[in-house]
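Asker: Okay, here's what each chain looks like letter by letter:
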Amino acid sequence: MVLKSLSDLKGIVSGKPRKKLVLAAAHDQHSLGAVIQAWHDDIVEPILIGDARAIQNICMEYGYNIDGLQVIHEPVTEMSVERAVRMLNGKQADVLMKGKVGTTILLKCVLNREWGLRTGNLLSHIALFEVETYHKLIAVTDVAMNIAPNLKDKIAIVNNSVSFLLKLGYVMPKVAVLGAVEMVNENMEATLDAALLSKMNQRDQIKNCIIDGPLAFDNAISYESAKHKGIRSEVAGDTDLLLMPDIEVGNVLYKSLVFFARAKVASIILGAQVPIVLTSRSDSEQAKYDSILLSAAASN
Amino acid sequence: MIRSLDQMVAKVLSGGRKYRIAVAWAHDDNTILAIRKAVEEGIAEALLTGRKKEILKNCQAWGIKPENFTIIESDDEVSASADAVKLAKTGDADIVMKGLAGTSHFLKAVMDKEKGLMLPGAVLSYVGALQLPAYNKLLFITDPAVIPFPGLEQKIAMAEYAIEMTSRFGIEKPKIALIGASEKPSRHFESSAHYEAMKKMAAAGQISTCIMDGPLDIFLACDRKSVEIKGVKTPVDGDADILLFPSLESSNPFYKGLMLFAGGELGGLIRGTEKPVVLMSRSESEKSKFYCIALACFMA
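Residue numbers (this note's numbering), protein chains in the order written: chain D, 1 to 300; chain U, 1001 to 1300.
Because the hints were derived from the structure by calculation, they are not lab data.
On a predicted model such as this, the values are computed, not experimentally measured, just so you know.
Hints are not guaranteed to be accurate.
Result set (DSSO-like, lysine-lysine): computed pairs, CA atoms no more than 30 Å apart in a straight line [claimed, not checked]:
{"#": "1", "chain 1": "U", "residue 1": "Lys1287", "chain 2": "D", "residue 2": "Lys227"}
{"#": "2", "chain 1": "D", "residue 1": "Lys229", "chain 2": "U", "residue 2": "Lys1037"}
{"#": "3", "chain 1": "D", "residue 1": "Lys136", "chain 2": "U", "residue 2": "Lys1287"}
{"#": "4", "chain 1": "U", "residue 1": "Lys1184", "chain 2": "D", "residue 2": "Lys227"}
{"#": "5", "chain 1": "D", "residue 1": "Lys229", "chain 2": "U", "residue 2": "Lys1052"}
{"#": "6", "chain 1": "D", "residue 1": "Lys229", "chain 2": "U", "residue 2": "Lys1233"}
{"#": "7", "chain 1": "U", "residue 1": "Lys1230", "chain 2": "D", "residue 2": "Lys229"}
{"#": "8", "chain 1": "D", "residue 1": "Lys264", "chain 2": "U", "residue 2": "Lys1108"}
{"#": "9", "chain 1": "U", "residue 1": "Lys1233", "chain 2": "D", "residue 2": "Lys227"}
{"#": "10", "chain 1": "D", "residue 1": "Lys108", "chain 2": "U", "residue 2": "Lys1115"}
{"#": "11", "chain 1": "U", "residue 1": "Lys1199", "chain 2": "D", "residue 2": "Lys264"}
{"#": "12", "chain 1": "D", "residue 1": "Lys152", "chain 2": "U", "residue 2": "Lys1184"}
{"#": "13", "chain 1": "D", "residue 1": "Lys264", "chain 2": "U", "residue 2": "Lys1233"}
{"#": "14", "chain 1": "U", "residue 1": "Lys1065", "chain 2": "D", "residue 2": "Lys229"}
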C-alpha cells in the first residue's frame, strides 16, 4: 500500500482504539488548538500536562471545549515534560507532543537514561508531503534533527524511516538518496554515501526497502526526467522516501515546498519508544493537526 | 523593473536584433527544437556544430527547414565544443550554447586558457531567474548548476553576478538572502562564517550595491508573514530578489523541486565569460529552454 494523501491516514486510525497523546507544557495555544481538534475528531485521547490555569485561560479565550479531558496541573515547564516522559516510559500513553517548551529541554528528557524514551536508535525527523503534482505522498528525511549525518547516521535514519513506513502499511518503500547530481562524484561526499547505501541495500544490509542513489531531485521525482538522462532505476520517478544529504539541503527543500508549492505536510520524530510530535510555531494549524494524525497512525 | 520571464522575452523581441548562437554538438532533437523556436521568434540565427548528415536527418524528422541553420562540420563532441567556442571568440557568434556535448567537454572548451571564453581571473558560475506563480516577482538564484561547494571568494563572485543580472532587470538595490537552515549561524556549516564576512563587505561597499542578510531560511527570505511571526529583524524582510545558496546540493533540489511541484520556470546562464554561455539540462521544459536562450540574448 502507498498513501496518496494525508487524509488517507484517517483510514489507518479509524476503527482502532484511540491513541493517548500526552501534550507536555500544554499551556500553549498553538498546539492546544490542534490537539483539541484531533480529540473532537476521535483521532487521539489527549492528556494535558502543564499550568492548568493558563490552559483554562487559553481555552476560554479561544473557545476550546475541554470538558472531559484529563488535565494534570504542573506549572514548572521542566517538570511537566519529565512527567509526560515518565508516563510514556511507563507505557501509560502512546504519543508525546511538545507544547510551550524548548526543543532542547524536551529532547534532554526524552534521552534521559533512567526514565527517558531511548531505544538505542538515533532520533530522526520525518516529514510527509502532499504535493498536487506528485502521484502519492513523499516522505522526506531528515530536514530538522540531524545536522550533518555521516554514513552510519544515514543508515540509522533510513532504518527509522523504513520501519515507520512499514507501520503505515508500505511494502518495500522506494528510497531515493538525494544528490546534486546523479553520478557518483568523488568530491561530493553525499554521492559516495548514496552509492554505499544502495550497495548495502542490494546486499541486504539495509532491508525492507529499495534504495537507489545518488539521484538528483528531478530524477527521483520524475520518471520522464530520469528517462531523458538514461537512468535505469527502480526508484526514479516513483520515490516514496527522499534521504537528504544534510539539514541545510533538507530545510531549504522543506520550506520551498511548503511556501512555493503549497504542499501539505505532517511530521514527527522517530527513533524513540514512541512517536514525538514536535511542531514549530510557524507551522500551520493544519500541519499540526496532520502531524498529530500521523503520530497516531505510526504508533503501535 | 522586469517582473517575469515573458516580460524579459518581450524586451528581447522589441529590440529587433538577431543574435547569432553557436550550438556545440547539435545532435539531439531537444536542442534543435529549442533553437528552432528562437529562430522562428526572430531573435536568433543558429550556427550548429556537429556531423552535418546527422543534423540534417534530425531536422528532417522534425520537419525543420535546414536552410534556417548554418551547419559547421565537426567530428566529435570535443571538437564541436571547441568550434562553437571559437565562433564566439572570433566574433562570428554572440552566444554559445551546449547541445548534446557532455557538460564537462563543453565547459573545458569554454574554460580553455587560450581559446576559451573566460574573463581574466573570473569565477565560472551560474545565475538563474526563477519564475514562480507563488511569488510576485522573479527570484534570482545562484548557483544551481556549476560550483558544488563555493568558498568565500566564489560566493562573492556569485553575489556579484546575480547583482549584475538583477540590475539588467531594472532592480536598483536587490535584496540578497544568504540561505541557511535557520537564521542562526551554525558552527557546523562553513557558510555561516562566509556570510558574516560577506555582510561586512557589502556594508563596506566592497560588494556592489545591494541589501544583504543571512543566514536566512527560505521562509524568512521569501515570506513576509514568517518574518513577522518569528519576529526576526532582517532587511531582506521576506522580499528577496536573490537567493545565494551554500551549496549545489541545496540549490539544485530547490529549483528542481519548484519546477516540478510549484509550476516554476527557469531562465539561466553561465557567468564569468566574455559572451553569454547557455547550459541547460536535457530534462528542462521546452519553455524553460527557450527562456534560457532568450536570457542569453537579453544579457548579450
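Asker: When the structure is checked against the list of hints, which entries are broken? Sort them ascending.
Answerer: 4, 6, 7, 8, 9, 10 and 11
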